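Working from the sequences, and respecting the hints, build out all of it.
Protein chains: 2
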Amino acid sequence: MTSWQKYIDGNQEQYVEELKQFLRIPSISSLPEHKPDVVNAAGWTAKRLESAGIENVKIHAAGPVPVVCGDWLHAEGKPTVLIYGHFDVQPVDPVDLWTTPPFEPDIRDNRIYARGAGDDKGNLLAPVIAAEAMLNRRQELPLNVKFIFEAEEEVGSPNLPGFIETHKDQLACDLVLCADGGQWAEDQGAILLGLRGLCAIQVDVKGADADSHSGTYGGTLMNPASALARLVSSFHDAEGRVQVAGFYDAVRSLSDVERRQIGDVPFDEDEYKAALGLSDLFGEKGFSTYERAWVRPTLEINGIYGGFQGEGVKTVIPSTAHAKISCRLVPDQDPDDVARQVLAHIEAHKPPGVTVDARQAESGAYPYLIPHDHPGNQAARKVLKAVYGKEPYYTRTGGSIPFCSLMEQKLDAYTVILSFALDDENAHAPDEFFRLESFAKGQKAYGMMFEELARDTK
Amino acid sequence: MTSWQKYIDGNQEQYVEELKQFLRIPSISSLPEHKPDVVNAAGWTAKRLESAGIENVKIHAAGPVPVVCGDWLHAEGKPTVLIYGHFDVQPVDPVDLWTTPPFEPDIRDNRIYARGAGDDKGNLLAPVIAAEAMLNRRQELPLNVKFIFEAEEEVGSPNLPGFIETHKDQLACDLVLCADGGQWAEDQGAILLGLRGLCAIQVDVKGADADSHSGTYGGTLMNPASALARLVSSFHDAEGRVQVAGFYDAVRSLSDVERRQIGDVPFDEDEYKAALGLSDLFGEKGFSTYERAWVRPTLEINGIYGGFQGEGVKTVIPSTAHAKISCRLVPDQDPDDVARQVLAHIEAHKPPGVTVDARQAESGAYPYLIPHDHPGNQAARKVLKAVYGKEPYYTRTGGSIPFCSLMEQKLDAYTVILSFALDDENAHAPDEFFRLESFAKGQKAYGMMFEELARDTK
Numbered sequence: 410m411t412s413w414q415k416y417i418d419g420n421q422e423q424y425v426e427e428l429k430q431f432l433r434i435p436s437i438s439s440l441p442e443h444k445p446d447v448v449n450a451a452g453w454t455a456k457r458l459e460s461a462g463i464e465n466v467k468i469h470a471a472g473p474v475p476v477v478c479g480d481w482l483h484a485e486g487k488p489t490v491l492i493y494g495h496f497d498v499q500p501v502d503p504v505d506l507w508t509t510p511p512f513e514p515d516i517r518d519n520r521i522y523a524r525g526a527g528d529d530k531g532n533l534l535a536p537v538i539a540a541e542a543m544l545n546r547r548q549e550l551p552l553n554v555k556f557i558f559e560a561e562e563e564v565g566s567p568n569l570p571g572f573i574e575t576h577k578d579q580l581a582c583d584l585v586l587c588a589d590g591g592q593w594a595e596d597q598g599a600i601l602l603g604l605r606g607l608c609a610i611q612v613d614v615k616g617a618d619a620d621s622h623s624g625t626y627g628g629t630l631m632n633p634a635s636a637l638a639r640l641v642s643s644f645h646d647a648e649g650r651v652q653v654a655g656f657y658d659a660v661r662s663l664s665d666v667e668r669r670q671i672g673d674v675p676f677d678e679d680e681y682k683a684a685l686g687l688s689d690l691f692g693e694k695g696f697s698t699y700e701r702a703w704v705r706p707t708l709e710i711n712g713i714y715g716g717f718q719g720e721g722v723k724t725v726i727p728s729t730a731h732a733k734i735s736c737r738l739v740p741d742q743d744p745d746d747v748a749r750q751v752l753a754h755i756e757a758h759k760p761p762g763v764t765v766d767a768r769q770a771e772s773g774a775y776p777y778l779i780p781h782d783h784p785g786n787q788a789a790r791k792v793l794k795a796v797y798g799k800e801p802y803y804t805r806t807g808g809s810i811p812f813c814s815l816m817e818q819k820l821d822a823y824t825v826i827l828s829f830a831l832d833d834e835n836a837h838a839p840d841e842f843f844r845l846e847s848f849a850k851g852q853k854a855y856g857m858m859f860e861e862l863a864r865d866t867k
Numbered sequence: 410m411t412s413w414q415k416y417i418d419g420n421q422e423q424y425v426e427e428l429k430q431f432l433r434i435p436s437i438s439s440l441p442e443h444k445p446d447v448v449n450a451a452g453w454t455a456k457r458l459e460s461a462g463i464e465n466v467k468i469h470a471a472g473p474v475p476v477v478c479g480d481w482l483h484a485e486g487k488p489t490v491l492i493y494g495h496f497d498v499q500p501v502d503p504v505d506l507w508t509t510p511p512f513e514p515d516i517r518d519n520r521i522y523a524r525g526a527g528d529d530k531g532n533l534l535a536p537v538i539a540a541e542a543m544l545n546r547r548q549e550l551p552l553n554v555k556f557i558f559e560a561e562e563e564v565g566s567p568n569l570p571g572f573i574e575t576h577k578d579q580l581a582c583d584l585v586l587c588a589d590g591g592q593w594a595e596d597q598g599a600i601l602l603g604l605r606g607l608c609a610i611q612v613d614v615k616g617a618d619a620d621s622h623s624g625t626y627g628g629t630l631m632n633p634a635s636a637l638a639r640l641v642s643s644f645h646d647a648e649g650r651v652q653v654a655g656f657y658d659a660v661r662s663l664s665d666v667e668r669r670q671i672g673d674v675p676f677d678e679d680e681y682k683a684a685l686g687l688s689d690l691f692g693e694k695g696f697s698t699y700e701r702a703w704v705r706p707t708l709e710i711n712g713i714y715g716g717f718q719g720e721g722v723k724t725v726i727p728s729t730a731h732a733k734i735s736c737r738l739v740p741d742q743d744p745d746d747v748a749r750q751v752l753a754h755i756e757a758h759k760p761p762g763v764t765v766d767a768r769q770a771e772s773g774a775y776p777y778l779i780p781h782d783h784p785g786n787q788a789a790r791k792v793l794k795a796v797y798g799k800e801p802y803y804t805r806t807g808g809s810i811p812f813c814s815l816m817e818q819k820l821d822a823y824t825v826i827l828s829f830a831l832d833d834e835n836a837h838a839p840d841e842f843f844r845l846e847s848f849a850k851g852q853k854a855y856g857m858m859f860e861e862l863a864r865d866t867k
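Chains as they are written, first to last, in the working numbering: chain A, 410 to 867; chain Y, 410 to 867.
Treat the hints as calculated values from the structure; they're not laboratory data. Keep in mind that this is a model prediction, so the values were computed, not measured. Treat the hints with caution; some may be incorrect.
If several chains are the same, the list does not tell them apart, and a pair holds so long as it fits within one copy or across any two.
To be verified - 16 angstroms max Cα-Cα, derived EDC-like pairs, lysine to aspartate or glutamate:
1) K799 x D418
2) K682 x D618
3) K723 x E771
4) K819 x D578
5) K429 x D515
6) K694 x D418
7) K467 x D518
8) K723 x E563
9) K819 x E574
10) K682 x D620
11) K694 x E574
12) K615 x E549
13) K819 x D743
14) K799 x D673
15) K794 x E861
Pasting the structure below:
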């Protein structure tokens, strides 16, 4: 074991104490009342970077929210990596389903339970600790490292595009390492190659000026809830294929290698259904479940509402009805293009007798895909093989991390996703936890990754 | 002018004061906190019947609510009429849109403004005053009269069927006069021949056990909101015709006379649309607007809901989605039969990948139709012609008054709807009012109707 690895092992208790401190800050980005906590978390993160030996640590303002940056840039002739993570967390509702309070970290069975344990505070600390260990033992890092930790990942990073645009020099790098994401299993790693993108649309259907009496007026006017249902049902065919014209045009077809890589990832349909409480899955014909979740675009109704929702019967014709729609996108779909296609579909399928107002929501993200054999992934593969003793799977995820596609678009830098949370750790749900073994594994993996990447001269 | 008519004219100021008293009682049947007010209104009604000279006045219990009955049965050999009205009122929200408080009656422009002014307290008092005037001047009525005033018309009369069933002897009559309903215009009367019936159904669609992440799971499972939209859109064809098998089977076709009567009722499409704030009407081809509203059955979505309804974007796949459905029915549709047809349609059109639970709601009513030339309507026609100086229109309404069909089914008695509220008087809305001229007109019309009906020997 190298001396920096011994340093990490020797300080593990202290790191867990630090993680506990970090987790006590309820930095929920979606709730305005927690804004001061998000600011505190930024301050905590900046101090931790400084104590690790990182230089030029600064809390920037990205619009109304903080972004923490820092760097160590003394490895002349070596590549530069930019490390990304986020110190904001999800809300905690329903809070009564937590075994212990979400912001009072508790260790049970060598797992630390708290909101943000794995998503993303534990993972964010891993590369900081790796850098600290190397700087402490060797007074230098094997390559140049920059850090960017943001405060809004859980709300779609609305201020990040502007921040990247105005800090291009500062963020320029050869490769991004994303300390947010996850691994496949306790005993097997995975290289995450792709993320889906996102665009969202709000649809408002309006009929009469007020809810009207279904006895007096029923039969004489278009019911906005019926009109909305007709519109919503036009989005898919009976087998779940999206019917929006042009929707699939930009979708890159799956190569044989990609298809095989996805097929290699173990999938147990019964387990998958049981976890969701479903008796049947549903989706596009000709694609496996993981293919549908990872490499196929979707159009989903996130919410539908209009008229009476109370107990019992109220015989009104709703004045309005609404749908919230979002699309998950895959390469090479463009969120604005797809939103335009959906809006055109709505315009073309507008039912008679009502007015339909539809508009694109601000939140959006480009899909992200990195070649499986990219040099960064080759390095990650060696590290994961060393950490787990097995070849990693090549996976994707249906979710989105806006930073990855933003860095590709704006700074031409690919992102290797290197993170150690597991699927069963209740991210976004009650009793979120992070395995302390994964926490330590991540710290060493980042050190090993620094060494692997340093073998490339720039 | 007969002496009882003079008596009515001479006491009009006092009757308006009494109506004010009655209107000060906030007898809202849908709000549990107003239960004591509903009981007070029953007491007030019973006392008013007694002071008019009506005998055997009693407050019965129909389940948990009061029903006020009374009679005067000394006209041997003459027909017996049963007079129906209701002393409960609608809620007052949005209360800030009222010019004066809803339970502080205010007279402006010879109109009395208050919740329940025309629906139905003013109309309910008219036959009571007519009976009082005749009993005061002549010490007798020209025919036998029974009264039933209920407390739950505004919530669909759920306890009335049971009450009628157990009080058949007491309610037996040759004809019902319904003091709830309305006239066509200030200068022209109308005979209301038909009411639509009602059945209601709740549909609950369930997918995964909880809202799921649209990134992680989108594309692999059926979205319950999409499934519900597909189901809801299957209820109608593109032109608004109900697609439920058998739905129109029991619908009686319109005779030439009926069609002509409806065609004779003035209709201004621009006014109708402007009142609703619509640029286009919509509905079944081959029927006029009034035909669609009055003599054609409907299936309406009263509410639709599932998933995220807040501001902004939340990328969930809803766990559940729901629709509240009600059908307005026309002769000879049976509410239970139609509910069964709708449930069968739902079963047959259940989308895959979700569970669908649908059930009939308790509220229901049979449609009602009286022949336009029924002797009761012939009498009403003479009275209305005398009151307005013109032939009345023959109209229908798309709404429901459960009492009318209940009396036909359970006691084989037709109902003549004789009531003097007008369409523009904001029933169920802020600033409800009743023209004081209509109030007086109704009192005399009831007296004249008693005399007309008395010409028939039983």
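Verification of the supplied hints:
1. K799 x D418: Classified as neither; 23 angstroms inside a copy, 101 angstroms across copies.
2. K682 x D618: between (44 angstroms within a copy, 10 angstroms between copies)
3. K723 x E771: between (35 angstroms within a copy, 12 angstroms between copies)
4. K819 x D578: within (11 angstroms within a copy, 86 angstroms between copies)
5. K429 x D515: For K429 and D515, the Cα distance is within 16 angstroms only inside one copy (8 angstroms; across copies 67 angstroms).
6. K694 x D418: neither (50 angstroms within a copy, 79 angstroms between copies)
7. K467 x D518: neither (37 angstroms within a copy, 73 angstroms between copies)
8. K723 x E563: between (38 angstroms within a copy, 11 angstroms between copies)
9. K819 x E574: So K819 and E574 pass the 16 angstroms test inside one copy only (7 angstroms; across, 78 angstroms).
10. K682 x D620: between (40 angstroms within a copy, 14 angstroms between copies)
11. K694 x E574: neither (41 angstroms within a copy, 57 angstroms between copies)
12. K615 x E549: neither (64 angstroms within a copy, 57 angstroms between copies)
13. K819 x D743: within (15 angstroms within a copy, 66 angstroms between copies)
14. K799 x D673: Cα proximity of K799 and D673: one copy only (14 angstroms, versus 86 angstroms across).
15. K794 x E861: within (13 angstroms within a copy, 101 angstroms between copies)
Hints 1, 6, 7, 11 and 12 from the list above are not met by this structure, while the remaining hints are.
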